[in-house]
Structure formats: C-alpha cells, structure tokens
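Engineer: For the protein sequence lines, the chains are A, B and C, in the order given. One point on numbering: in the numbering used here, the residue at position 196 of the first sequence is 220, and numbering is uninterrupted. One point on numbering: in the numbering used here, the residue at position 234 of the second sequence is 258, and numbering is uninterrupted. One point on numbering: in the numbering used here, the residue at position 50 of the third sequence is 313, and numbering is uninterrupted.
Just so you know, the hints here were simulated from the structure itself, not pulled from any lab data. Bear in mind the structure is a predicted one, so any value in this text is a computation, not a measurement. A hint or two may mislead.
Computed cross-link-like contacts, DSBU-like style, restricted to lysine-lysine with a CA-CA straight-line distance of at most 35 Å [as the list claims (entries may be wrong)]:
{"#": "1", "chain 1": "C", "residue 1": "384", "chain 2": "C", "residue 2": "476"}
{"#": "2", "chain 1": "B", "residue 1": "357", "chain 2": "B", "residue 2": "28"}
{"#": "3", "chain 1": "B", "residue 1": "244", "chain 2": "B", "residue 2": "357"}
{"#": "4", "chain 1": "B", "residue 1": "191", "chain 2": "A", "residue 2": "135"}
{"#": "5", "chain 1": "A", "residue 1": "88", "chain 2": "A", "residue 2": "242"}
{"#": "6", "chain 1": "B", "residue 1": "191", "chain 2": "A", "residue 2": "160"}
{"#": "7", "chain 1": "A", "residue 1": "135", "chain 2": "A", "residue 2": "152"}
{"#": "8", "chain 1": "B", "residue 1": "357", "chain 2": "A", "residue 2": "152"}
{"#": "9", "chain 1": "A", "residue 1": "242", "chain 2": "A", "residue 2": "273"}
{"#": "10", "chain 1": "C", "residue 1": "390", "chain 2": "C", "residue 2": "476"}
{"#": "11", "chain 1": "A", "residue 1": "88", "chain 2": "B", "residue 2": "244"}
{"#": "12", "chain 1": "A", "residue 1": "160", "chain 2": "B", "residue 2": "129"}
{"#": "13", "chain 1": "A", "residue 1": "135", "chain 2": "A", "residue 2": "160"}
{"#": "14", "chain 1": "A", "residue 1": "160", "chain 2": "B", "residue 2": "28"}
{"#": "15", "chain 1": "C", "residue 1": "429", "chain 2": "C", "residue 2": "390"}
{"#": "16", "chain 1": "B", "residue 1": "191", "chain 2": "A", "residue 2": "152"}
{"#": "17", "chain 1": "C", "residue 1": "390", "chain 2": "B", "residue 2": "191"}
{"#": "18", "chain 1": "A", "residue 1": "135", "chain 2": "A", "residue 2": "88"}
{"#": "19", "chain 1": "B", "residue 1": "28", "chain 2": "B", "residue 2": "244"}
{"#": "20", "chain 1": "A", "residue 1": "135", "chain 2": "B", "residue 2": "129"}
{"#": "21", "chain 1": "A", "residue 1": "273", "chain 2": "A", "residue 2": "88"}
{"#": "22", "chain 1": "A", "residue 1": "273", "chain 2": "A", "residue 2": "160"}
{"#": "23", "chain 1": "B", "residue 1": "191", "chain 2": "B", "residue 2": "244"}
{"#": "24", "chain 1": "B", "residue 1": "244", "chain 2": "A", "residue 2": "160"}
{"#": "25", "chain 1": "A", "residue 1": "152", "chain 2": "B", "residue 2": "28"}
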Amino acid sequence: MSSKNGSILALDNVTVSFGGLLAVSDFDFTLQRGELVGLIGPNGAGKTTVFNIITGQYEPVSGKVFFRGQDITGWRPDRVTCAGIARTFQNMRLFEGLTVLDNVLVARHSKLRSSMLAAALNLPSYVKEERQAETKAMELLDRVGLVDLAHTQAGSLPYGQQRRVEIARALAADPEVLLLDEPAAGMNPEETMRLMEFICGVRDEFGLTILLIEHDMKLVMGICERIRVIDYGMSIAEGTPEEIQGNPKVISAYLGEEACDYA
Amino acid sequence: MSDKFRNTLLTIAFIAFLFFVAWLADSYLDEYVMRVVRTGLIYVTAAVSYNLINGIAGQFSLGPNGFMALGGYMVALLILPLEQKEFVWFLQPLIWPFRIFSLTKPLFPLALAIGGAAGALGALIVGVPSLRLRGDYLAIATFGFSQIIIVLANNLIPVTNGALGIKGIPEYANVYWCLTWAILTVLVISNLANSSYGRAMKSIRDDEVAAEAMGIPIFKHKLLAFVVSGFFAGVSGGLMASLITTVSPSLYSFSMTFNLLIIIVLGGLGSITGSTITAFAFTILSEALRFVESPINIGPVHIPGIAGMRMLVFSLLLVLLMVFYRQGLFGQKEISWDWVLSHFKNRDYQGVKTCPQKTDRS
Amino acid sequence: MNAAVFFQQLINGMSLGSLYALLAIGYTMVYGILRFINFAHSDIFMVGAYSAFFFIVIFRIPWPLAAALAVCFTALVGMTIDRVAYRPVRDAPRISALITAVGVSSFIENLGLVTVGARPKAFESPKFMSRVFHIGPVSITGVAIWVPIITFMLLVVMMYIVYRTKIGMAMRSVSTDIEATRLMGVDVDKVISYTFALGSALAAAGGILWACKYPRITPLMGVYPGWKAFTAAVVGGIGSIPGAMIGGFIIGLIEVMTVAFFPDLSGYRDGVIFLVLVVFLLIRPTGILGETLKEKV
Ligand SMILES: Nc1ncnc2c1ncn2[C@@H]1O[C@H](COP(=O)(O)OP(=O)(O)OP(=O)(O)O)[C@@H](O)[C@H]1O
Ligand SMILES: [Mg+2]
Chain A
25 MSSKNGSILA LDNVTVSFGG LLAVSDFDFT LQRGELVGLI GPNGAGKTTV
75 FNIITGQYEP VSGKVFFRGQ DITGWRPDRV TCAGIARTFQ NMRLFEGLTV
125 LDNVLVARHS KLRSSMLAAA LNLPSYVKEE RQAETKAMEL LDRVGLVDLA
175 HTQAGSLPYG QQRRVEIARA LAADPEVLLL DEPAAGMNPE ETMRLMEFIC
225 GVRDEFGLTI LLIEHDMKLV MGICERIRVI DYGMSIAEGT PEEIQGNPKV
275 ISAYLGEEAC DYA
Chain B
25 MSDKFRNTLL TIAFIAFLFF VAWLADSYLD EYVMRVVRTG LIYVTAAVSY
75 NLINGIAGQF SLGPNGFMAL GGYMVALLIL PLEQKEFVWF LQPLIWPFRI
125 FSLTKPLFPL ALAIGGAAGA LGALIVGVPS LRLRGDYLAI ATFGFSQIII
175 VLANNLIPVT NGALGIKGIP EYANVYWCLT WAILTVLVIS NLANSSYGRA
225 MKSIRDDEVA AEAMGIPIFK HKLLAFVVSG FFAGVSGGLM ASLITTVSPS
275 LYSFSMTFNL LIIIVLGGLG SITGSTITAF AFTILSEALR FVESPINIGP
325 VHIPGIAGMR MLVFSLLLVL LMVFYRQGLF GQKEISWDWV LSHFKNRDYQ
375 GVKTCPQKTD RS
Chain C
264 MNAAVFFQQL INGMSLGSLY ALLAIGYTMV YGILRFINFA HSDIFMVGAY
314 SAFFFIVIFR IPWPLAAALA VCFTALVGMT IDRVAYRPVR DAPRISALIT
364 AVGVSSFIEN LGLVTVGARP KAFESPKFMS RVFHIGPVSI TGVAIWVPII
414 TFMLLVVMMY IVYRTKIGMA MRSVSTDIEA TRLMGVDVDK VISYTFALGS
464 ALAAAGGILW ACKYPRITPL MGVYPGWKAF TAAVVGGIGS IPGAMIGGFI
514 IGLIEVMTVA FFPDLSGYRD GVIFLVLVVF LLIRPTGILG ETLKEKV
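If we strip away everything but chain A, and leave its shape as in the complex, we get:
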C-alpha cells in the first residue's frame, strides 16, 4: 500500500472492535503536512479511538496506519511518539505527583543519550544534557505561560492550567504531528479563545500538523481548514467548515443525539 501520495499521516481502511462493538470501521483518512484538521462527531462516535489507533494504544483488527510513508501499524505507543506523533488525552493524564517542569521533562527523556549509569553517577556528560533539557522545557512552559508554576505539583493546578501543561508536555516530545483530544473541554469562552490563538500560533512556530477533536463548534469551525465527521465509527462527511455546517447527514447525526438526550 502506498503512503497515499506524500501525506504525513494516513489511515487505510482501519477497523477496531471491542467485543463485537465496532468502535471504528473501515476508516480512511489522510493528513497533509502543515494542515490543521478537525475530527468531530457525537459522543461515543469513535473519535478518541481513532487517536488510540494512530498512537498505538489500540491495535486495529484490520487496516494500516502510515506515518511519513512508513507502516507504523502495531507499533508500541512510545515508539510512535519517538517517531514524531504526540498527543494529549481527553481525560488529561498528567503525572500528578510530579512538578509541572518534571511533567514536561518526562517527554524529553527519550531524547537523552546518556546511559543510566552516567545518570546515576551524575557524570558531566549527563549533567550537560539534563541542563539542555531543562532549558528547552522552560522555554515551552514560557510559551504556555506557566513558567512561574514550574515547581508546583501538577495535580494541584486548576483545570485550565493542567490542560496547558499537557500541551506543553506533548510539544516537548518534538512532534511533527500533534493530536489534541478535546483541549477546550472545561474551559470558559475566554480561555477557549486564547487556546484557539495558541493552537494556531504553535502550528506556525513549530511547523506542526494538527489533528483536533473538539465538541466546541466555534473553536473547530474557527480554526480548522478541513473537518472530518464520524458517527458510529464510520466517516459520514468531510469538507471545509462551511460544507460541514450545511451537510444534512451531519445535522441529522447531531440532531439524533440531541433527540436522544431529550428523550
């Protein structure tokens, strides 16, 4: 199978099931370098599952995942991340016992070249690398406006700041593709606004390709160039924000959900 003409990330006919439930079925998707694409759909549609397939948390029963033309299906998550795909989690998985700075530094660990022995003996080569990692992590914390909180317990921060730590942590892995799972969840409109600017900003600054899951339609419609809609594990539409907004299939998928909510 080709890498789908030069795309940075491609999913080819991917299917995942959980004990009979098809969470994602026959899913095709490509992402071009530098794009900012939204992935939307009602609750339980399979959006997070798509992320989990890309990052190797779940292995698809069929289909393949390509990254820069290379087949990465079935790779372990750490290998996928080192290859250049980083993510955030819908339910925020910070290392709550560690400081904010340490959270970000964890993502730099895979870049470390010193051996464990060098680290345990505090050899100069290791100390130098560690200092570099720290500088880099502080830069990222500065970028998300959390430098002052670098030595605070991550678990003790308010929700919005934890979300920002998580993004800084993902960026620290030096990704080419960034997967954001509902980054605006639990934020107020003003925080969401700033998040939108931030996302666009880091994309340009770091030359990232971003895939974004979000329920906040204003955010998605506002910054995404292209949107993919998924429902019951199947793609139902793809297009520009305008096309998606007027698509009857999409409207009925969302209305169906609303109808259930009120029932």
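Fit chains B and C with the ligands to the known structure of chain A by using the hints.
Structural biologist: Frame of chain A, contents of chains B and C with the ligands only:
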C-alpha cells in the same frame, strides 16, 4: 561556589562524619549494640533498593526476599572456607566451581559484588516475563518466583545444603562494610531517582499509559529499576549471610519481604530518606520487642515467651498505617541539603518538595 | 503404574482439587468486584478450621451444628475484615489495597500463633469421614469421597445464590460495572460485604473439610492451600466462578499426579504449582475462561 558543588562537599563531609561515628561506636560500644547497628545498616540497603521498585517505579513486587536469598547463598558459597565446605556437605559433595576455592577476607567486597550480580540476574530473569503484567499480577508473579527460589533452596542439596542451610560463614561484614554499602545504595539510588531515568520511572508510577504516550519505553524502565534493585538486594542478602554467619531458606522467607514492606510504607513509598530512617527505627523496634517473644523470669514469676507477638504488632502497624497514615512519615519527600541549610539560615527554601498522595484513576 | 493406582490418584486429585475450588471462588469473586487480591483469604480458611475445632472440642457442640456455626462465624469475620480494613482504602491507589491485604493476612496468622500457638492441634473429624471403602483393588477413605460430594453440594448452593437470587444478581452487576450499578441505586458497599461473607463461608467450609482430610491444624495451614487456590483462580480465569472450579480441579490433579508419577520431585510439589502459576501468567494471564479487557484510554 555553586549550590551543587556546595552540596557535594557537604555530602562528602557527612560521609566522613558517618565513618568517624562508626569508628567511635566500634571502639566503645559493646558487641550486641554493634550487631543491631550492622543489622540496621543492612536493612537500609535492602529497604532503599526495595523502595526503588515499589515507591519510585510504583511496581508492586513481593520478591525481594528471593533476590536477597540469591545474594546470600552466593556470598556464602564464595567465602565459606574450604574445610568448612567439606564439613557442611559431608553427604553430597558441593557443586563444582565452589568446591575448589574460597575467597579470603580482602576479597569480601568482590564476593558481595558477585552476590549483587546474582541478585540482579535473578531480577532480570524474574522481571523479563513478569514485568509485562500489570499491578496485582506482578505481585503474584514475583511472589511465585521468590517461592520457587525458596523451594529450590530447600531441595538443591549440592548447592544449598537444603533446609539445614550453611553454617560457619566467616563474619567479614563489619560495621564499615555495612556502612559503605548502605551509603553506596542511598547515593546511587537517590541520584538515579532524581535523574531523567528516575523521572521516567516516577511517570510510570503515576500514569503508565501517559508515560508510554510520552515516549517512555515502560518495560525497559521497569526492568532497569528491577535489576538495579535486585543488585542491591543481593548485596544486602550477602551482608546478612556474613553477619549472621549462617544461611538457610527460613532466613530469606516471605517475612523478610514483609519487614521491608513495613519499612518502606512507614517511611513513605517513594521517599529514600524515609526508608533509610525507618529501616534503622524498625531494627531497633524489632530488637526492643524481642523481649515479648522470649521467656522472662522476674524473681519467682515465670512469663513464657509468646511466639509471633512481634509480627502481630508489625502487621497491625502495617494495616493501621494503610488505613490512617497512608503517606507514611515522609510521603514522597526527601531531606536535601538545601532544606537543612534553610533551617540554619532561617531562609525560606523550597528544598523539600511536597508531594500530596495522588488518588487512583483506574 | 497400573489402572487401579491411577484411578485412586484420580480420586485423590479430584478431592484435593475440589477443596482448592472452594477456596478459589472467594479469590475470584473479590477480584471480580474489587480488582484486588485478597491475600487474607487463605487465613480465613484457617479461621474456619479453627472455629470448627473450638466449637467441637471446647464447647462440645455436635459436629454438623459446629460446622454450620463455624461457617457463619467465619463469614462474619470476612465481612468485618472488609469493613475495617479494605473499605477505608477502596479509593486509595491500588498498591495501598494490596499492602493492606498483605498486612491483614499476616495479622491473622500471627494472631493465631499468639493465641493458639504454633503447635498443631488434632482435629476430630466425624466418623463417616474416616471409614475406608474397598472397591475391588482400590481402597478409598471416606474423606476422599465425602469431600468432593459435600463440595459439589456447596457449589450448587453457591451457584444458586449467585445466579438465581437478587443479591447474587447485584454481585454480578457490581463486578461488571461498579459505577453503573451504584448509579442504579444499589448499595454497593452492602453487596461487597455480602460477597465477602459468601466467599468466606466457602473458605470456611473448605478449611473444615481440609482439616478432616489432614487433621493436624496450625495457624499457618492456609498459606499453601491459599496460594494454590489462587493459582487455580488464575488458571481458570480470574473473575470467573466456573473458571475457579475448573482451575481448582486442574491444580489438584497436577499436584497429586506430580507426586504420584515423579516421587523424586515430591520436595518440589509446591514449586511445581508456583511454576504453573507463573507460566499461566505469562502465556495466558486471562486464564481459561477469563476475558481480555483493554484499558480504556
Ligand atoms: N477500551 C475499550 N473497551 C471497550 N469499549 C471501548 C473502549 N474504548 C472505546 N470503547 C467504545 O468505543 C466507542 C467509541 O469510543 P470513543 O471513546 O472513541 O468515542 P468518542 O468519539 O471519543 O466519544 P466522546 O466524545 O464521548 O469522547 C464507545 O462506544 C466506547 O464505549
Ligand atoms: Mg473521546
């Protein structure tokens, strides 16, 4: 002078001070007290190494007694004098390489290092298959493996002399060796815990899925923690063999692991300072409670000893700790030079990192 | 080895296995609901045997009544342990619950050592247990026959409770999804309490039958049967009740046959079971009937 350099100097001075104290103690204190001190130091080595797995990497192992047994038997076989070997294995001969040589006193550190290597190898063999398992299963697998080691110790007469064990091991484990290894263990493991590798291990403890998603190969790091811990456990087992001068399967039974578990929980899972202090406290408490298990004669009144009383107290302590005082004495905090100095200078340092206990999310 | 000896060993294996099954069910039920290993379960087994012993020897209560009282008493002990030790750590990190369980187990064992002493006590089993039956060349003691029969009856009662009563339904529902069950208005703590009672009652019955089979009881008598029963639960698929029964029989047979076929290895009989445990954990951690659950990310 940078803070780092200053701290290094302070550490060196403190170590020199500890050796001086050890020398004073060795010169003036009686044999019994020194035995308790040496036991305490060996427990420091064992507990700090156990804390690396359970507290820092967050993997619940129930196997340190097995690794200590490996180190203990290895050291015993290496340093037991040849004539004693013939005496112990008079029915069945001892297996080959050990039957023809014996390491002399100056080579005791080498014997300990080999004992440590035996522990590390054991940890590698146990870890490779079982560290892929999560949580409870790991506890069971490590328990199972350490039981297999004890069963082997009971049955492999040509190596272990079975249930009778090995007697007459030379008592090379003086206070200086015990102290040296305790310091080495604390230094290496705290350096490791504060390094990038230690951070990776702690991230696995806090959230395995997220750690993996941040590019940490979790299996490799768990295994590293396991092997390093196995090495120092092996050394402590060897020191203990030489201190007690006998080894037998019952010396390294599950109650050894149980004692270590109490120590690291009481000190605070993840706190090396805590493990060090409570290892000592536990040894003293354990000695103090020895009287409840031995018969006492007060004039004409004879009070028989009650076997199991000490363990009863300790188990109750463990349960009470878990229910009411889960973070232990130190939580995940450490005492650092910055913190100590802040007390002298009355300045407001943030040397002690406060780490509230996280709650489970599974 | 001839057919008669083999047959005899088969019966012995089934008899031992049925005891492991009784004990394994307790491990599996608690694991199914709380996802943690109740290390103290093996000591509950010992408490069952000792309480029967005291009811019979000290209070001179007739055998069947004493056994019934012992089972009830042990069920209460199980519920108490859950209430005072496990419930407070239920929301704590997983490792805390495990450490607590290790502590409780050691506490019960040492409480036993302190109160009744380490010296074995002679358990009085009822007359019908000690008769010897001769079937052709095979001679079988009453215990070897009665144990599986009584076990079988207990298992039927237990299956009835779990699959046919309201509380059993609640137990199964809690083990499938504890949060959803709580939302439906079920008092989850109460259901867990009953689970401990049921598991402990079965363990007590197992302990009493064990004492009939091996009539020297000590405070540490539960340790090895406990671990073997736990192995049985893993082999059968932890969380699955039918799995625990199948696992129990498999472990019983493996143990008896190892000693019968390889007398030289009798010193390793415990080691062999641990090896089975480790091997199963490695090649099929979900056991024979267990399901694979993928952690939701
Ligand atoms: N590990 C798992 N085991 C069982 N079922 C799962 C698992 N992960 C996801 N599912 C199921 O797959 C379906 C899709 O889930 P997914 O989390 O991908 O939805 P989503 O689109 O991200 O929804 P939301 O908007 O609520 O986050 C759901 O029905 C979910 O219950
Ligand atoms: Mg989702």
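Engineer: Evaluate each hint against the coordinates.
Structural biologist: Results of checking the hints against the structure:
no.	hint	in the structure
1	C:384 with C:476	14 Å, holds
2	B:357 with B:28	19 Å, holds
3	B:244 with B:357	26 Å, holds
4	B:191 with A:135	51 Å, violated
5	A:88 with A:242	32 Å, holds
6	B:191 with A:160	58 Å, violated
7	A:135 with A:152	13 Å, holds
8	B:357 with A:152	26 Å, holds
9	A:242 with A:273	19 Å, holds
10	C:390 with C:476	12 Å, holds
11	A:88 with B:244	27 Å, holds
12	A:160 with B:129	51 Å, violated
13	A:135 with A:160	12 Å, holds
14	A:160 with B:28	21 Å, holds
15	C:429 with C:390	38 Å, violated
16	B:191 with A:152	50 Å, violated
17	C:390 with B:191	47 Å, violated
18	A:135 with A:88	27 Å, holds
19	B:28 with B:244	30 Å, holds
20	A:135 with B:129	45 Å, violated
21	A:273 with A:88	27 Å, holds
22	A:273 with A:160	46 Å, violated
23	B:191 with B:244	39 Å, violated
24	B:244 with A:160	25 Å, holds
25	A:152 with B:28	13 Å, holds
Checked against the numbered hints given earlier, this structure breaks hints 4, 6, 12, 15, 16, 17, 20, 22 and 23; the rest are met.
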